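Participant: Protein chains in written order, with numbering that gives the first Met the number 0: chain P, 0 to 777; chain Y, 0 to 400; chain V, 0 to 422.
Be aware that one or more of the hints could be misleading.
[Claimed, not checked] Only some residues are given here: those of chain P computed to face chain Y with a beta carbon under 7 Å: (1) F39; (2) E44; (3) L48; (4) V323; (5) N325; (6) Q418; (7) H446; (8) S452.
[Claimed, not checked] Label-pair restraints from in silico Cβ distances: (9) Y:W330 with P:A454: 36 to 44 Å; (10) P:Q445 with V:F385: 45 to 53 Å; (11) Y:K253 with V:F183: 21 to 29 Å; (12) P:E390 with V:A243: 53 to 61 Å; (13) Y:T319 with P:K342: 45 to 53 Å; (14) V:G132 with P:K139: 48 to 56 Å; (15) V:S343 with P:K350: 34 to 42 Å; (16) P:P773 with V:A307: 49 to 57 Å; (17) Y:P238 with V:S343: 27 to 35 Å; (18) V:F183 with P:D767: 57 to 65 Å.
FYI, nobody ran anything at the bench for these hints, they're computed from the structure. These figures come from a predicted structure and were not determined experimentally. Just so you know, even glycine gets a beta-carbon here, dropped at the ideal spot from N, CA and C.
Here is how the chains run, residue by residue.
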Amino acid sequence: MDKKYGVYICTGCGIGDTLDMEALTGIPEEEGVNCTTHPFLCSKEGVELIQKDIDEGKVNTMVIGACSRRVNFDVFNFSGCIIERVNLREGVVWPHSRETYPALTEDQKDDGEHFDQIQMQAEDYIKMGMIRVEKVNLPKPYHTQSFSKKVLVIGSGVTGMSAALDVAKAGYEVTIVEKEASIGGYAAKLRNQTPVQLPFETLQAPVADALIQEVEGNTNIDVRTNSLVARIAGQPGEFTVTIKKPGEKSPFDVPFPLPPEELVDENGKELDPEAAHEKYLKYNEGREDILSLDPDGELYGAVILAAGWRPDVLKGDAYAHLAVDNPNVITNDEFEMIAAKGKILRPSDGKPAKNVIFIQSAGKDEDDSDFEYTGAVTSMVALKQARYVREDYADGKAYIIYQHMKTPGLQEYFYKAMQQDDGIFMTKGAVTDVTPMSTELMVTAQHTLLGESLALKADLVVVASGMIPATKDNPVINLAYRQGPGFRDNDIFGQYADSNYICFPYETQRTGIYAAGAVRRAMTIEESMEDATGAALKAIQCIESANRGMSVHPRSGDLTYPEFFFQRCTQCKRCTVECPFGALDDDAKGTPKANPTRCRRCGTCMGACPERIISFADYTIDSIGSQVKAISVPSEDDYDEPPLRFLALVCENDAYPAFDMVGMNRVDYSPDVRIIPVRCLGSVNTIWIKDALAQGIDGVILIGCKHGDDYQCHFVKGSELAEVRVKKIGDALASLALEEERVAFVEVAIDEYDKLPQIVNDFVEEVDALGPNPFKGF
Amino acid sequence: MSANYIPQPDLEFIAEIRGLGGETLKKCYQCATCSVACPIAPEGSPFPRKEMIAASWGLKDKLISNGDIWLCHNCGDCTDMCPRGAAPGDVLAAVRSAAITEYATPKSLAKAVNDPSKLPYLLGIPAAWFALLAIITMGFGGTMEKIFHFLFGDAFGGRLHWSHAHEGAEQVIAHANFVSTWFVDMTFVPLAIFATVVFFLALKRFIVDIHDNAVLEGKTDKTSLDYKALLMSIKNIIPMVMKHDKFTQCGSNKERATPHMMVLFAFIGLFIVTAVCGIMLYVGNYAGPYPQLNPIKWLANIAGVALVIGSGLMIKSRLTNKEQITTYKDWFILGIVFALGVSGMLAEMTRLAEIAWLSYFFYWIHLIAIFNLFAFLPYSKLAHIVYRTVAMGYADYANRK
Amino acid sequence: MTTENSAPVSGSIMVVGGGISGLTTALEAAEVGYEVFLIEKEASLGGRVSQLKHYFPKLCPPTCGLEINYRRLKDNKNIKVYTLSEVQNVGGRPGDYTVTVKTSPRYVNSNCTCCGECAKVCETEISNEFNFGMDRRKAAYLPHNMAYPQRYVMDPAMGTEDREKVKEACKYNAIDFSMEESTFDLKVGAVVFATGWQPYDATRIDNLGFGRYQNIITNMMLERLASSNGPTEGKIIRPSDDKAPETIAFAQCAGSRDENHLPYCSYICCMASLKHATYIREQYPDAKIYIYYIDLRTPGRKYENFYAKLKEDENVFFVKGKVAEVSEESGTGNINLVAEDTISGDKIRQTVDVLVLATGMQPTCAIDKPTADLTFDEEGFIINDFSKGGLFAAGCANKPADVVTSNQNATGMALKAIQTLRR
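Let the hints inform the model, and build the full structure from the sequences given.
Facilitator: Here's what the structure looks like:
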């Protein structure tokens, strides 16, 4: 578009009182850009004033100097215009008062000695705003070649069936892929199940049966039993899926990346890319490369992963004390299968098992946690199964030895109801061992509620083994992604395909693929069905967003997407490797292929690219780079003792709001710092830092989200990558003969605004101690 | 670490406790609020939390022989505060009556006393018995006199006669003319002895059991049983029992103390009266009925009134208090005591009103009540007089604090 | 190629309650393309979680997620937010409801620039309910520093003199005391109630002495004390004398799992207390922390790990036994508590500086029932009837739950609402 510039500055909220408006408005005017001030710009009149200029075709690209863009966000959005908010209020005049930084008297001005730090800051920000709008463009939404609104559901247990039904009821087509010969999953094999609705007091017949009926009766649902997903290629809106029979070999079985040990030669040296690629091809012989689409593949818009779980098998020394090898010591799953067949009989001799002990925790008396992968499910299951014993035998006795009876929320009612059975006996206790005797088993437990250690005789012992998520055994989704076929970072979550986010439980690192049910966490049938509904919504939402060319969470609605200037690409693959969402695939040569609907618009690729060929319509290396260059760096030519200059690149999601709060609280920090918000620290390209230092800026600080296993970064890896890059920048600085202390990285959470001023000032002092940047004035 | 305990849950026992008023025994989830709520539970292994899990597990062995169940005065504080809607107070009450049956011999009789369907026999047998004695006394006075003369002749200076001489000769209404004092005493003295023997046998086991249990559960520092010391302890706690200290520590229903005290003191009073009368009769050869001015008569009347009012109040509170579960065993004993008091007073009043036949009728009722009280003392709830006193004595002996 | 680019809108959805669950339902539905009305009775969105310092188990600030949600809200034209508003009546049937909404006056209009001049001059002070009355605030106030919308509120309690002052102080004539309560109707196809929860009124738990003794506080009060935007700027000190506590005890199941109060388990209190132990540890490396529990409910791998980490702290002690009796030590203001350690079988009498009651959650709709065709359970939770559709409950209006579960549930309810519109 043909840009028509205009600058509007609000003089309200203390801006006008604090700043020398004449000087400030002079800045755009020097550039021949019209600058209008208004005492109350966000008022009706103020906004109308701007709208008038727009209507008269005077402007379509504006810099608005006022309060933070987080305030009055809805007041200054003019469709079809490029707008940059310059934060003069929270960013300049609120944290820095005239009491602390007196205005210059007439004769102090230009005396080469005095300078006005607040004014300098405001002027820089206006300059930075102006250059930015010059560099950015309005986004045009991306649309895929082909598009499908169909949803693929992997797994046909209660979770898969519920998800499919929920998608179908919203009017979308669904395909369920089930590896077994029939649908229903584990929940269909039960004798009875724990209650899924109030009053939560009785066992109930498996709901799976009803769901199966409903699924089979629904015309929107296409069920494929005896089927597996060989690969899922492409991106949300146009996933090309290859479905095959179990055990069948398909050229479209997804290729697996080389395991780390394969990436080194016999003498432990890392293979060069060519050799590695050779090896990779051999490793995946007979499998098509991820980029070659299956001509017979089916098109889907989004995927729901409901692959569920398998019962844990308890073996080895950790469980030796429980005599797990004895035929009459079985898991809750084995017990369920016996109960489903009929009366409860002992595996060893088929005699009635009338005395059954349920063991909930394996830790002897050192550890009071339940078996792995159990969640709160196994407590519920033990209560249910204890009831089986009583259903089958009037004189039956069921014992539950628990460390903590885990029936949270309304499930407490089920615990209470089961307690009432005369033949169900419970105690807290640490099971120290299970000893087989002639015909019985002797279970001993310590620290019980009966005031002493117990020795209990049993016909059958049931250990509460956990639910191993399907994703622990293999990726299941088999994504044809360069980063590999599964979810990344599942090891952080114990191989659950879970989200790291409390606020956003369905966020995965693979856009368009949403996990639900026991593959995410040990869940009861009730919880799984509820979880399925949420995943169903996310799948539909992803399809609709992709259809509109919009990003999904967390930059929901963002119409920009990464664009590449391939002529300059050196096939270094960094973008492909570093993208937290595996949005990029590179071809045999290493040229990246963007998959925009997989992309979450964090800009990590942009930050990674050494050739700086990746950009977004309104966010480019140049747009930020130019803002940095726009920062005035006073030198000795200007003042006897010029003020230092600092650049702060801060995460717009957490650190930037924190700075706003510092402003709101009127807390002072060095006015020599220039803050530039970035989409994510992951998008920070080190060139910005180098250029900043090269132009004489004394120090650069990056402020981003906490990382590590409990990362708060909304783009998973951003702040972590930024720190790595900052560490690496050291040598580059050395080559410029600069101390590496001039570049710092800090993690702050959004609620640490009270620490922020100190952090900034400490950095300023530290650099001050090093003395000014020698590059000043060059 | 002591040898592991091998629990043997007993489903029948659980059912029995449910039947005896402990139906909430399975509701407990062991938060131990009750042990803290209880104003009289000791610091070390307090009750009733551990009794509740033992009950819900049907561990008869841990409960019957557990002295703590007798320390509980069923004041209901634990029940009020229980977050799970369980009533430990009632569960322990149920366990106590199970224990009474357990220690009593013969079992058959014990069972009968706690079985409503047997009530007609429990009342009928003494009714018939005293009816027979009445017929003999009234119809065959002469014959009896002869038998007496034949048996004793002039022994004891010929002072031994069938009928006792009464002030103002024949026309006075004297209950002895209805059922001879001889018969009465020949009935009740053996009964009293029988009851005592039953208690003795029971206590022999009881004391050993509660001691073993206390040692096992570390509730005492004593290792061996010193009966002498135990006896001293029992003596020590008598004043406390009299003063009803434990009752008054209760938060939820203190008011139970007064009626209970009235009844206890009434019985003591009446015991004294009976003793004194016996002496006056057989030593002083001074037969009743005594004039109202006679101090022993005052005591008798006061005690009688106290008994009626006391037991009356208890019945009233049980009828009004919906929280507390009241079972047959409670009604049985309350009924007997109340009937005993009322019939006694009425017999006296009607005597003074000179309505002979009515007075004799009430006396007959009175005798039946006394018979039930004596004969079934070791089996009825009233046995707690003995067990609780001994258990409290043991707690004192065992330094249970 | 693109299939009909317009949003698949057919009717709109109302979400009642702007806490984390309500925000989630509203945003998820809006981002599919539906028009959403979000009704919040307070002056700011954010609800219960905005009072929390951290979420368990990540110990991350709730404001981080709220900020993202507010940003999604700002960027999404499909959502209309009504603060200080309450639903008075829901009439009609699935697909076609008429909802009567009542909005109370904020006495501040859209002119407000959030400059804060009004608060400077206002002298009237009112109890700060955001901090459970532990401090006072001006009658001209911003609900809290992460408030959405960022707009001041004038409390009706403000005196006429102050009213003049604040009006004068506001350069942008944003203050308008002529504002009146207004009632209006909205037509929607489905309504999702995300009315959340209230901390159970601890004064009702007679034997735990809350309200009688100053140094017995609730878990939510501790949450405010620990928060940097709380009454003590985040310093955990005890109410009676601002002393730094050396021994702190937590009484779990204070009112929960209790037929005299809340018969159900409130789900979050165990994890909350474990989290609070980390707050205390952060400020007081040597403080002794005692947690009295019946069962510690830390369901799932993440919660188990959190608990496991805390078990390694040798100054955190776990006692199986419920605190059942409390009293105040004369003079010191310390709290004497009594419980039975059910494993050792002995009574414990302990004196602590502060006793924290892990009070549970009571559904808000149990306290004020919405007038709508809903079914409630005995405790006042809304029972979802998906076969009927139209009206749904999300988050803690439906059952006691942690934030993750609430958000899962809330996301799902957005779809249930959409299904109603698609029928």
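Participant: Give me the numbers of the hints this structure contradicts, sorted from smallest to largest.
Facilitator: Hint check: 1, 2, 3, 4, 5, 7 and 11 fail, others pass.
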